[in-house]
Amino acid sequence: MPYGALEEIIVLDLSDRLAASFCAKTLGLYGCEVIKVEPLSGDPLRKWTNSNPDNHSGDSPLFLHLNAGKKSITINLDDAKGQNILAGLMKVCDVVVETHKPGHLDKIGLAYNQIKKFNPSVIFTSITPYGQTGPYKDFHYDELTLFAMTGAMYREGLPDREPLRYSGEIAQYFAGNAAAAATTAALFKKTLTGHGDWLDISIQECMAGHPHQIGRRAPFIYAGEPDPRSQPRTSASGAREPYAVGTFRCKDGYFSFLPLGPRMWPNIAKMIAREDLMVDPKYDDTIKRSENKEELEAIFQAWLDNRTREEIFQAVQAAGVPGSPILEPEEVHKNKQFHERGFFQNVDHPNGQTLRMTGDPFRFSNAPTSSIKAAPKLSQNTNEVLRKLLELSDTQIEMLATENII
Amino acid sequence: MNSEASQPLSSIRALELSEIWAGPFCGCLLGDMGAEVIKIESIQRIGRGPINPPANTGGYPDDDPGKEPWNRQSNFNAINRNKKSLTLDLKTQQGLNSFKDLVSQSDVVFCNYARTVMENFGLSYEQVRKIKPDIIYMLMPGYGNDGPYANYRSMGMAIDAITGHSFLRGYPDLDHSSNSLVHHPDAVAATNGVMALTSALVYRAKTGKGQFIDMSQAESFMTHLGEIYLENQMTSSIRKRRGNRHPDFAPQGVYKCSGDDNWIAISIKTDQEWSELKTIITDSSLQGTDLDSLEARLKNHDYLDKVINEWASTRDRYDVLTLLQAAGITSGVVIDCGADSYADPHLNERDFFQIVDHPAAGLYPMTGPIFKFESDQGRITHNPAPCLGQDNKQILEELLGYSRDTINKFKTDEIIGTVPLAGSDMGGSRRVANQRKEDSKD
Chain A
1 MPYGALEEII VLDLSDRLAA SFCAKTLGLY GCEVIKVEPL SGDPLRKWTN
51 SNPDNHSGDS PLFLHLNAGK KSITINLDDA KGQNILAGLM KVCDVVVETH
101 KPGHLDKIGL AYNQIKKFNP SVIFTSITPY GQTGPYKDFH YDELTLFAMT
151 GAMYREGLPD REPLRYSGEI AQYFAGNAAA AATTAALFKK TLTGHGDWLD
201 ISIQECMAGH PHQIGRRAPF IYAGEPDPRS QPRTSASGAR EPYAVGTFRC
251 KDGYFSFLPL GPRMWPNIAK MIAREDLMVD PKYDDTIKRS ENKEELEAIF
301 QAWLDNRTRE EIFQAVQAAG VPGSPILEPE EVHKNKQFHE RGFFQNVDHP
351 NGQTLRMTGD PFRFSNAPTS SIKAAPKLSQ NTNEVLRKLL ELSDTQIEML
401 ATENII
Chain B
1 MNSEASQPLS SIRALELSEI WAGPFCGCLL GDMGAEVIKI ESIQRIGRGP
51 INPPANTGGY PDDDPGKEPW NRQSNFNAIN RNKKSLTLDL KTQQGLNSFK
101 DLVSQSDVVF CNYARTVMEN FGLSYEQVRK IKPDIIYMLM PGYGNDGPYA
151 NYRSMGMAID AITGHSFLRG YPDLDHSSNS LVHHPDAVAA TNGVMALTSA
201 LVYRAKTGKG QFIDMSQAES FMTHLGEIYL ENQMTSSIRK RRGNRHPDFA
251 PQGVYKCSGD DNWIAISIKT DQEWSELKTI ITDSSLQGTD LDSLEARLKN
301 HDYLDKVINE WASTRDRYDV LTLLQAAGIT SGVVIDCGAD SYADPHLNER
351 DFFQIVDHPA AGLYPMTGPI FKFESDQGRI THNPAPCLGQ DNKQILEELL
401 GYSRDTINKF KTDEIIGTVP LAGSDMGGSR RVANQRKEDS KD
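Residue numbers (the working numbering), protein chains in the order written: chain A, 1 to 406; chain B, 1 to 442.
No lab work stands behind these hints: they were computed from the structure.
There's no promise every hint is true.
[What the hints assert, rightly or not] Within a straight-line C-alpha distance of at most 25 Å, the following computed DMTMM-like cross-link-like pairs (lysine to aspartate or glutamate) qualify:
| # | chain 1 | residue 1 | chain 2 | residue 2 |
| --- | --- | --- | --- | --- |
| 1 | B | K240 | A | E310 |
| 2 | B | K269 | A | E310 |
| 3 | A | K91 | B | E349 |
| 4 | A | K373 | A | E384 |
| 5 | B | K441 | A | D280 |
| 6 | A | K107 | B | E349 |
| 7 | A | K293 | B | D175 |
With the hints as constraints, model all of the structure from the sequences given.
If you want it as structure tokens, here you go:
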């Protein structure tokens, strides 16, 4: 149920990569009218489908997710007339989200400083892998190579193996989300003062400035503490209990635990109905529990082997022990919490398919709502948008189409 | 104020009741953009690590916790820049009244504690809006504010697990018990939290209306996995763990370079990149046309990994990066969060780190804001994380107009303070004192 807190704000989405597209989508979820500007051949993400050879429904799952609720127009930006049309739209919109190579928009006269003269309150949000300046600004990237450059990868994986990325396109999503937040802050200033702004968002910096990374960088700079990959079941710096840390097999899958500190010990002993362990001198303190970790883990594992994830989830909540079941993506929408909150919503798509799509990252008590709409077909809204925003006549639009401009 | 050069949130005062990452990082980003963020803490219960850390506890300047470890803790100091700290004992009437006085002069209240904490203080949204009708008030528990898990406690790693992300992470040849625990969803809740608060601010500016915001950390992160949930509905191929590989690109992986634990990430996304790679890695088995199709490269991926690893093993990772990027090949070095990141020429040229003088921790280069606004004209706001209760006097005296006598009485009554009470690092001083009482009865 999208919320209309940002209604009447027009966003031009010039993205052809994930982060900027997700930024615009998030703005759209909260009421902005998002107009996706595509080349005549369409956003390359529409065809992000090699991984799904049996998907004949046209647009890729990634495209459908990123563009739900947007409008689509096509413009040939290699042509001067096409560039003029885009300039016209930039002059009347509130926000431009773009991901061109740094300097490219300058060359075609469509950069922030050029458009600002005509539209002083416009906000440009530029989202690029490494930002607008600096020696890496033109680097070729994808999720894997960018993730490597953020500091996040170095710590992921086992000490004797290659570092790992997270799954999915998580760094790009995070940057897109952060960019949407910063853009909305700029929109707040624009609402109060009428001043626009230009945001230079670097995906690398978003991830390198993320709590995971700054929380590791600080002990390094304070005391030179190294930050190697570690065994997943070892506890860090004695702050946690030495056993029951990490991911364990159970009756119907896997369960992750992170008991913080020695005061969790009685909670865990009670949870597994082994209060007797609390008076056993072998397990007196963190150091002894660490020495006898293998025995403790065997006891713990035996308890887990007889229980399902749901049973364990209820037990950890009752005992106050941090932990959660690992769900398969398939299981997520069936989970009773997300189901009861109606997070996933059925959305009808033009090809006749009804898809369960993710809903709102947060909900308002006091703003208008609407329903989630499917991603647009290529150029679905070209005529409507050009008529409305540029006041072009049907004849003019037809001519531009004949000339392959739109 | 309100000039072209003012920061976007410079007119906003936000009250943060949060610890660990999700709430504090949300506050940090608001502070970066100019909001006055007041972190509400207490000397009865602190979220700044142990008061008397054991000798082996890391994370303090020069490995010395010093006299005030709570003001020197690395993780806290890294994630709480650009904030003030006010201590208030919200379990007393005076503390509660002061909070309410502060609410009447604030725009935003947000909390990442368990859902019932605010309500138990008598500070639910309904109660707070009586004081300030247009307040923007956000609770951000793990699973949202209603439903069967509404009162469940969570951490970042729990959200990673329940959303399906943990299932997809890891080495494909090992089982999930080899997984590390990842708290990434905390950061997502923080950025979405900023998005929620700022869009509510826009709405308030237009309509005068405040807002209760129901943020589910899980649902917030699930929007970052949207295509995976769709894929499972649209295709018969259920998404599994892929490690560092992607079915559309090959070869792709992270390869060991010369030196200790040095790596280069490479993605061959196009046939063009492949033909460039062949000219750089001249191994004869790659030449010819046998491996020129993606299909062939995917089929021989393990072999290709072996050849690339051999080639990279004798080369410096930055030399490899330069060589590959010059050829237009998608690549990146694996940098750590220590020396590598501080030495990174790009992050340095973009002023990613600032020398920060923290009154209790000292002078260190710390990671700064992640957003660059043109209106900042290169100025970077990076005030050190606040010491516990550092702004008590300024806020109570200047902002709320309390008399010196009142403030002194607050100190005597332990409503405010700058030194945490015994047990405040173990779940609360009252709780620990009660526990001791019970223990002594036995």
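Checklist entry - Which of the listed hints are not met by the structure? => result Hint check: 2 and 3 fail, others pass.
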